[in-house]
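Student: Chain by chain, the residues run as shown.
4 protein chains.
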Amino acid sequence: MARYDFASDNTAPAAPEAVEALVAANTGFTSGYGTDPVTARAGDLVRAMLDADAEVRFVASGTAANAISLAALCRPFEAVLAHEHAHVCTDETGAPGFFGQGLGLIRLPGASGKIDRAALEAAVTQPDVSYRQPAAALSLTNATEYGTVYTARAMRELIQPVKTRGYGVHLDGARLANAAAAGFDLKAIAGLEVDLLVVGGTKAGMPPTEAVVIFDRALARRFDARLKQAGQLPSKGRFYAAPFIGMLETGAFVRHAAHANAMARKLAGLMPFPVRHPVEANGLFVEMDEVTLKRLHASGWFVYRFLDGSVRFMCSWATTPEAVEELGEVLRGIA
Amino acid sequence: MARYDFASDNTAPAAPEAVEALVAANTGFTSGYGTDPVTARAGDLVRAMLDADAEVRFVASGTAANAISLAALCRPFEAVLAHEHAHVCTDETGAPGFFGQGLGLIRLPGASGKIDRAALEAAVTQPDVSYRQPAAALSLTNATEYGTVYTARAMRELIQPVKTRGYGVHLDGARLANAAAAGFDLKAIAGLEVDLLVVGGTKAGMPPTEAVVIFDRALARRFDARLKQAGQLPSKGRFYAAPFIGMLETGAFVRHAAHANAMARKLAGLMPFPVRHPVEANGLFVEMDEVTLKRLHASGWFVYRFLDGSVRFMCSWATTPEAVEELGEVLRGIA
Amino acid sequence: MARYDFASDNTAPAAPEAVEALVAANTGFTSGYGTDPVTARAGDLVRAMLDADAEVRFVASGTAANAISLAALCRPFEAVLAHEHAHVCTDETGAPGFFGQGLGLIRLPGASGKIDRAALEAAVTQPDVSYRQPAAALSLTNATEYGTVYTARAMRELIQPVKTRGYGVHLDGARLANAAAAGFDLKAIAGLEVDLLVVGGTKAGMPPTEAVVIFDRALARRFDARLKQAGQLPSKGRFYAAPFIGMLETGAFVRHAAHANAMARKLAGLMPFPVRHPVEANGLFVEMDEVTLKRLHASGWFVYRFLDGSVRFMCSWATTPEAVEELGEVLRGIA
Amino acid sequence: MARYDFASDNTAPAAPEAVEALVAANTGFTSGYGTDPVTARAGDLVRAMLDADAEVRFVASGTAANAISLAALCRPFEAVLAHEHAHVCTDETGAPGFFGQGLGLIRLPGASGKIDRAALEAAVTQPDVSYRQPAAALSLTNATEYGTVYTARAMRELIQPVKTRGYGVHLDGARLANAAAAGFDLKAIAGLEVDLLVVGGTKAGMPPTEAVVIFDRALARRFDARLKQAGQLPSKGRFYAAPFIGMLETGAFVRHAAHANAMARKLAGLMPFPVRHPVEANGLFVEMDEVTLKRLHASGWFVYRFLDGSVRFMCSWATTPEAVEELGEVLRGIA
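Protein sequence lines correspond, in order, to chains P, V, C and U.
Per our numbering, the very first residue in the first sequence carries number 53; after that it's consecutive.
Per our numbering, the very first residue in the second sequence carries number 53; after that it's consecutive.
Per our numbering, the very first residue in the third sequence carries number 53; after that it's consecutive.
Per our numbering, the very first residue in the fourth sequence carries number 53; after that it's consecutive.
I should point out that these hints are in silico values taken from the structure, not numbers from a laboratory.
Here the structure is a predicted model, which is why all the values come from computation and not from measurement.
Check each hint, because a few of them may be wrong.
[Unchecked claim] From the structure, some residues in chain V lie toward chain U, with a derived Cβ separation under 7 Å: (1) Tyr85; (2) Phe129; (3) Gln178; (4) Ser182; (5) Asp276; (6) Lys280; (7) Gln281; (8) Arg357; (9) Phe358; (10) Leu359.
We put the CB at the ideal spot given by N, CA and C, even for glycine.
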């Protein structure tokens, strides 16, 4: 039986706090499509976490949440600025173009998953020409795909040049909990002029659910119709809202992420292969040749070779110290 | 506190069989995106229920499942034949056109939600002209939006003229359980040349989940990429598969639907207003003027005026005989 | 050899004024994509005709021009209010949904191609619900599909209730020349809060070309990129602009339309069949049974049965009095 | 007054053979939407030129023709293999994604505009994974964007590995005339298993028009509806067909291209800057720093810096030897 403990942070089960809240919410008849009291309560908790007076929706898919957000910020003949290895660029089967009717992605370089500021400046100062899709939005990811974490200040430096030009800003927070656990101040987001934020529930240890936070109220008009048309306005909304209640009321959202981050650091300490990126969140990326990776797979542990050629190990709320040690031993055996 | 017991069949909580299976599946690490053993087991159960060697996928949204199916059967410059009051025509915010890049809907009349055969014949014999979207698929719904149920024979009569022309067939089974409980033979579907079937989990009493059944294997190629791009390939697939296991292994899927159907019949027996459509599944549609509906709402019971002008009462697995009696009394009081 | 003189107003050749201007513009090298002096001159003439400080673009297709306009005014989860027999609803193969990613069309009734004001009011006062595409724009057509002509006042009465709600307004002017020849004041359009106007060149007697007039300057931002992506930013722009120069400088645009309108009236005078709609522009719609239409076709004259069941005869700049008389005689022979 | 002689091959006027045919076709009434005898005759001439029994359509836009072709070969969750500097990748404002609802482009490297065979092999042997758009078609361009020309044999070597996998093939022939004049055998295309070919009229010296050639007859079904919905089924079809008649009947199509190619070679002979790519068709690409380019612009001659950083000079049917010499002198003056 293959071990998927480190293959991704979505191979874990859901945390007890999330499941218990889901079960608790499963009582009695209630109104549909996010108009129920459970959804209202979860929205309040998200607003409190962010200290922001924003609209909140709960949806099933992070891929859809990101793509819908980009489509809300860009017209089809415009483009989104994003890190070349951002999830929206590489792991969503072209969903932004599908939901955004061909909207473009301008792929920017940058070390360890963070957009290079000079590259961003170069991109936004490109002249508008009719034969190219001009930028209209910036998409950031925190924690990044490489397990690094932007500070609020670093984000502000990237957001400022696009806001000056009137562009929108999307923040992919699939691993926002891990960023928060690493010290990123969630209450700073509202002040960063982010327009749309996706708060990841799934990778944070919930059953499938993501929160879309609409900071720019002008974007909120008819957002439910937008979601419904896109298959992301659940009729039984409480099932997507309740896990957030369980995780936010108990503090498990950040606490579990802190544990995941700690497990990544622990694994780094045991790792016999060179570590490629700073270990700030719950991912660890190491240099490993193909033969060695095959031996690791053969030993029963499944992990992915990632976009930059390194091999990725992800930790989650459910990663145990024992599993980290067990894996460490296996790795030392094949190193 | 408003009562939503009869407002829809998605206002109910999830049935214990579904929730228990979900909780049971929530253990250990597993592979993502529908490659896990829980999803495999649920697929087997759906295949067994249908007695069909078909591909099965579990997704979050019935709206998306329907729209993706239609997009798989039609190109943007073609159209789908559907009942004018089918869910895909009236309740999905234009999702078929969104997922299908503008694909058309040819709205057909027919009593009590069933497509009129002569109207279908007239539509399929329209000449292909370049300035109009020609039909390329038929979409049926069973049980229908008006709580009536097609027999396999009646479906065959509608499917035959489109299959003769090489068109695809989609079956919206949001209430397939209710149709089955009313006598529709689920094992007949495979022989009806249906290409894509959506089996409703949500309205059958599960947490949000729908099964997409791909009878035409040629359509299955790269279907996971299709779903992923459309935001309907859940990473934690077991949460959408497990409820089907709980409901199918125990027989609760049809048993609960039979209860819902029985509650609709019971309500029909107590109803002081004229019933407009045959009560074959879990819905009851009655003639009620606006003043009376307002009084019903004022009494705390929420129901919708429907597309044909009647007022709709939906029953579900969770509808109690006591609630039916309580509502019956209220209705007699305002009649 | 079949006679297409009355089949449509696009069966005619291009008028000499248009062709001469095209040939005259075909000299020397010039910059591309509408940045050339010919395009600039044609834009000035359109602005002068409308007495409006608007942006003007010249494109190849009226279908595309309309669909792009609607896509600019509506998001995919919104809808356009239009006459149920408007060209955008019935003759463009779903182009609005294709260019607008599934945007909806709300089909309104109304006598002789004009939107019924009460029906419009009823539509705009519908509540916004998430499961239906709410209106965001109004599309008018002048002259209408049935050869009738709105006055500026009648248009204002339809526009006012949508502008009050912040909706956009599109005017399909495929036969704007005919409307002008019938007395519609082109200089009134700017005051009517029309946002996007398509001025038909093709049906007015030009080689294929349409002018898109952008009254709302906010919509003009990146419009060239919008057109380029949609295949409607011609590299050799002068070929689409020059015909407008020839037709507008000489007055032929309205003069030829006046001739076409006069030919329709002349045909009405000779018509042995009941005329169904007021003959205000260049079309004539008569009641004719299928056997008689077949005899007309057999006699060599091709015309279409139209959406309301009547048979349509269209006149153009090239229609001769002799052809009208010849046709009149044929019609009397089969009546 | 700036000189655009070498800025592009679409800055030239239309050749007399094309314009005369257009004027000649402008007589009498005829049926619309490509059903007229002029269009039939032009289609025959294209078929004869290619020695192929294929369907032919005449459209207004090369950008649209390419994008529609790719959309016909790929579903939205699939991708097209193309040279990273192909027109579809870099100069069409994302039109493939717009017409193809987000279809992906897999950008392949290769010297001087030709796809590197090893890179293609590597791309087609990528495993199908659900989170990435897998290849479904190959797009080639001949002559290439860098003025080089594929032989039929070189094309076959690129087509074979994709056809083995059942993928479709699109050939962008915006400069097919120049390729033919350089020795590429047009009659070889049919044997290469190209599915859709776009034959450029505009850059070959016609008024705006492109021919879409459908070799795979299965793709031809409802193609007119596809074109109409996309705004590319001209009502007055003869205006797009007639120029092809004039150019093909007289041999001007290839003869003018041979002249353009000769002018590029002549310019190469006079060029004081290093030439970067083989001069096989009508383009010349040279190494020139920004200061020098500014001086060239200041001297009144407009040309573009191209995608690979070189400066591009394009010749056309209308380029005169005198202009080449005049430019040569200017260049030597600033070198």
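Student: Compare the structure with each hint and give your call.
Tutor: Going through the hints against the structure:
Because the smallest distance between the Cβ of tyrosine 85(V) and any Cβ of chain U comes to about 6 Å, under 7 Å, the interface hint for this residue holds. Interface hint status for phenylalanine 129(V): upheld, as the beta-carbon distance to the closest one in chain U is roughly 4 Å, under 7 Å. Below 7 Å, beta-carbon pairs count as interface contacts, and glutamine 178(V) has none with chain U, the closest being about 13 Å; its hint is therefore violated. Checking serine 182(V) against chain U: minimum C-beta separation of about 4 Å stays under 7 Å; hint holds.
With a least beta-carbon distance of about 4 Å to chain U, the hint placing aspartate 276(V) at the interface is held under the 7 Å criterion. Interface hint at lysine 280(V): satisfied, since its Cβ lies 5 Å from the closest Cβ of chain U, which is below the 7 Å cut-off. Satisfaction of the interface hint for glutamine 281(V) is found here, the shortest Cβ-Cβ separation to chain U being roughly 4 Å, below the 7 Å cut-off. Taking 7 Å as the C-beta contact cut-off toward chain U, the hint placing arginine 357(V) at the interface is violated, the least distance being around 36 Å.
For phenylalanine 358(V), the interface hint is violated, since its Cβ never comes within 7 Å of a Cβ in chain U; the closest pair sits about 33 Å apart. The interface hint given for leucine 359(V) is broken, as the beta carbon of that residue sits about 28 Å from the closest beta carbon of chain U, more than 7 Å.
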